[in-house]
Amino acid sequence: MRPPTDPAAARARLTEALVRTGAEDRAALQDVYRLTSAKLFGICLRICGERSAAEDVLHDVYLTIWKRAGAYEPGRASPISWLATIARNKAIDWVRARGARPAHPIEEAAMVADTSPDQREIAERDEESRRLHDCLDALDERSRDAIRTAFFDGVTYAELAERKNMPLGTMKSIVRRGLLQLKGCVDDA
Amino acid sequence: MTPDAPDPDMTAAELALGLLDGEERAAALRRVLADPAFAREVEEWRQRLAGLFDDYPEVAAPESVAARLAQLDARPAAPSRPGFRWPIAGAVTAIAVMLALFLVLRPIPQAVAPPAAHRMMAASLVMSDKSGAMPAIVDMTTGEMRVGEAAVAPAGKSAQLWMIGGDGVPKPMGVLASTGPSRMSLAAGQRAALKAGITLAVSIEPLGGSPTGLPTGPVVASGKLSIA
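Residue numbers (the numbering used here), protein chains in the order written: chain A, 1 to 189; chain B, 1 to 228.
If we strip away everything but chain B, and leave its shape as in the complex, we get:
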C-alpha cells in the first residue's frame, strides 16, 4: 500500500460508525435509499462492529429513569423534563394534535365495527438538518394518509414521500403538497406493506416526482413508522 494510492471506498462503514457529517452524510443516506446493496453493506458493518458494544463499561442506571418508565401508559409519552431540548419533542406533540384532528374529521362510520388492530400508524419525519420534524399519519382502515405541512421543496421542485421496508428498496408513496398539509390515498398493496419499523423518507425531486421510480434528489426528512 503506497501513501499515494487512493483511499478505499469505505462509505458503508463510515456511515455505520457515524463518522460522516454534513453533505457527505446526506449523500450516504441517499445511497442507502437508492441502492439496496449499499444498504445491506451498511447493515453488515453494523453487525461486524457490534462486538465493540461489549467494551462499554456498565454503569448502574438511575432509579429516576425506571420510575418514569413505570408510569408509561398506552399513549405516546413526550419527554417530561422541562427545558430539555429534544429535537423531536415538538413532532411528538404535532403527531398527537394531528391524530386528534384526524379522528375528529373522519366521517362517522355507518355501522359500529370492532376496532381493527393497529388501525392508526404514525411517524415523525425528522428533518435531516434537525431543524424540525413533520408528522405523518396513516389510517390503516381506509388507507388515507396525511403528512403535516413542511415547505421543504424549493420553487420548481417537488417533495416526494417514500417507504423503505425490509428489502431496503424505496417505494414511492406520493408527492407532497407544495404548501399546507398533504392528503393521499394509499392503494391496498401499499397499505399492506406498512408495518411498525419501516422507514418513511422525503426526497427532493423534479416537479411532479422522480422520473425513475427511485429517489434522485437529497433526502430531507425521514422517520420510522410505529403504531399510534
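One chain only, chain A, in its complex shape:
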C-alpha cells in the first residue's frame, strides 16, 4: 500500500493511525508500519550501514512506537518527524553501542548527502521543509556538507572531522557557524 499522494491527507491518515496505536490498537500499529516502514527502514539502513542490523533496529523502532505512541501529541510535531526521530535515534544508539561503523555505507543507501532529490521528493516537501532546504542551499558548501552529513549519517564531530580530513576544532567552527546562519535564515523567513 502506497501512502496517499496528497501530503495533507497522508499526514491526517498517519496521525489517526498513530493515535489509535496509542490506544493499544494492534491493527493500527500495522497501519503505521505500512505507511512508514519504507522511510524508517531507509533511515535505519543509512545510519547502521548493514542490512541485518537495520532490520533488527527497525523491529525495535516499531516496538518503541507501540510503547510510546500514547505520548504522541498530534499538535506538537508532524507524525512522520516524530517517528523518523525515533528511528534515527535508535539507529545512532545501535551504531554507538557497537563502537564502530562500517567503512563504507552500503549501496542501497548511497550518499544522499551528495545527491539531489528527485522532482517528486521536492514536490512533497511542505513549506517548512522547503524553507530549510533553501536556507541550507544558502550556506557555504563546507558548512552545508558537514551539517547534512551529520544529520544523515548520525555522526559525531570526531567522526565528521576524520571523514573530512580536518582538525576537530576547524570542523566544529564550520558546523557552528553554519548552524547559526541556518537558524537566522529559517527563523527570519
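Read the hints as simulated data drawn from the structure, not as lab findings.
Check before you lean on any hint, since a few could be wrong.
Only pairs whose alpha carbons sit at most 30 Å apart, straight line, appear in this in silico DSS-like list of lysine-lysine [stated by the list, open to error]: (1) B:LYS171 to B:LYS195; (2) A:LYS164 to A:LYS183; (3) A:LYS164 to B:LYS130; (4) B:LYS171 to B:LYS130; (5) A:LYS172 to B:LYS130; (6) B:LYS157 to B:LYS224.
Just some of the chain B residues that point at chain A, by a computed CB distance under 8 Å [claimed, not checked]: (7) PRO8; (8) ALA13; (9) LEU20; (10) GLN47; (11) ARG48; (12) VAL59; (13) ALA66; (14) LYS130; (15) LEU194; (16) GLY197.
Note that CB positions come from ideal geometry on N, CA and C, so glycine has one too.
Place chain B on chain A using the hints.
Showing chain B alone in chain A's frame:
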C-alpha cells in the same frame, strides 16, 4: 566574521544533531534536565531540522520485520534474534523479573477491586555510558516505586531519581539506596504527574540529595516511562 572570533554556542543544535559524545554530551544532557529554556531550544532544533528527513530515500522494509510485529502480543517483547547485542535487552528482562516479583510480593488486597487502567508503569533506565540499565517500576494504585539495584554513586555521594514531564523541569522523586534495590513511596501529586512518555533520570548528587531541588551532578542513567 573573523577567523579568530569565538565560535557561537550552538550546543542545543549539536545535541539535537547527535554531534556530541563523551563528557560534552553528558554535560549537554545535564543542561536539558536543569534548564527548561535549553530543553526547549533542543526541541526547536529538532523541529527546525525535521525537513531533512524528507531526503532519506525510502527502501522497502523486509517482510520478516512485519511478520515479527504481527506476532506482537500484549506483553513487552524482547528482541528475538539470538546474538543480537542490544544494550537494553537485559533491562527488558530485568523489568519483567522485577514486575513478577513485585506482583508476588504485593500484599493481597482485602477486596477484589476492578483493575485500574495502567496500574503498573515501568521504565528501563539506561546508563549514560551504555554499560547496562536499571529497571524502575511504579504501582500506580499504591504509589509504591521500586528501582533495581545499581551501585552508581561513588562513596560520599548519593544517586537521586528525577522525573521530567512536558514542562522539561526535573522534579525530585527520591534518593536511591546506596546498595541493593530501592523502594520509595510516591505522594499522590507525584503519582498523578506520571504518565507514559515522561523521562526518569538518575543524577549523582551530594550525600542525601541535591541541595537546590534541581540536579547538580552528572546524569548517569535515564529512560522513558511506559505502561507495563
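Each hint, compared with the structure:
1. For the proposed pair B:LYS171 and B:LYS195, the alpha carbon gap of about 14 Å is at most 30 Å, so the pair holds.
2. Among the hinted pairs, A:LYS164 with A:LYS183 is consistent with the structure: their alpha-carbon atoms are about 23 Å apart, no more than 30 Å.
3. Only pairs whose Cα atoms come within 30 Å are accepted, and A:LYS164 paired with B:LYS130 is accepted, the gap being roughly 28 Å.
4. Of the supplied pair hints, the one linking B:LYS171 and B:LYS130 holds, its CA atoms being roughly 24 Å apart against a limit of 30 Å.
5. Restraint check: the Cα-Cα separation between A:LYS172 and B:LYS130 comes to about 25 Å, which is no more than 30 Å; the hinted pair holds.
6. Of the supplied pair hints, the one linking B:LYS157 and B:LYS224 holds, its CA atoms being roughly 25 Å apart against a limit of 30 Å.
7. Of the supplied interface hints, the one on B:PRO8 holds, with its beta-carbon coming within about 4 Å of a beta-carbon of chain A, less than 8 Å.
8. Of the supplied interface hints, the one on B:ALA13 holds, with its beta-carbon coming within about 5 Å of a beta-carbon of chain A, less than 8 Å.
9. About 7 Å separates the beta-carbon of B:LEU20 from the nearest beta-carbon of chain A, less than 8 Å, and the hint is met.
10. The interface hint given for B:GLN47 holds, since its Cβ lies 7 Å from the closest Cβ of chain A, which is under the 8 Å cut-off.
11. The interface hint given for B:ARG48 is met, as the beta carbon of that residue sits about 5 Å from the closest beta carbon of chain A, less than 8 Å.
12. Of the supplied interface hints, the one on B:VAL59 holds, with its beta-carbon coming within about 4 Å of a beta-carbon of chain A, less than 8 Å.
13. Interface restraint check for B:ALA66: the shortest CB-CB distance to chain A comes to about 6 Å, inside 8 Å, so the restraint holds.
14. Using the Cβ-Cβ criterion of 8 Å, the hint placing B:LYS130 at the interface with chain A is satisfied: the shortest such distance is roughly 5 Å.
15. Of the supplied interface hints, the one on B:LEU194 is violated, with its beta-carbon coming no nearer than about 12 Å to a beta-carbon of chain A, more than 8 Å.
16. The criterion of a C-beta within 8 Å of any C-beta in chain A is met by B:GLY197, whose closest approach is roughly 2 Å, and the hint holds.
The earlier numbered hint that this structure contradicts is number 15, and it is the only one.
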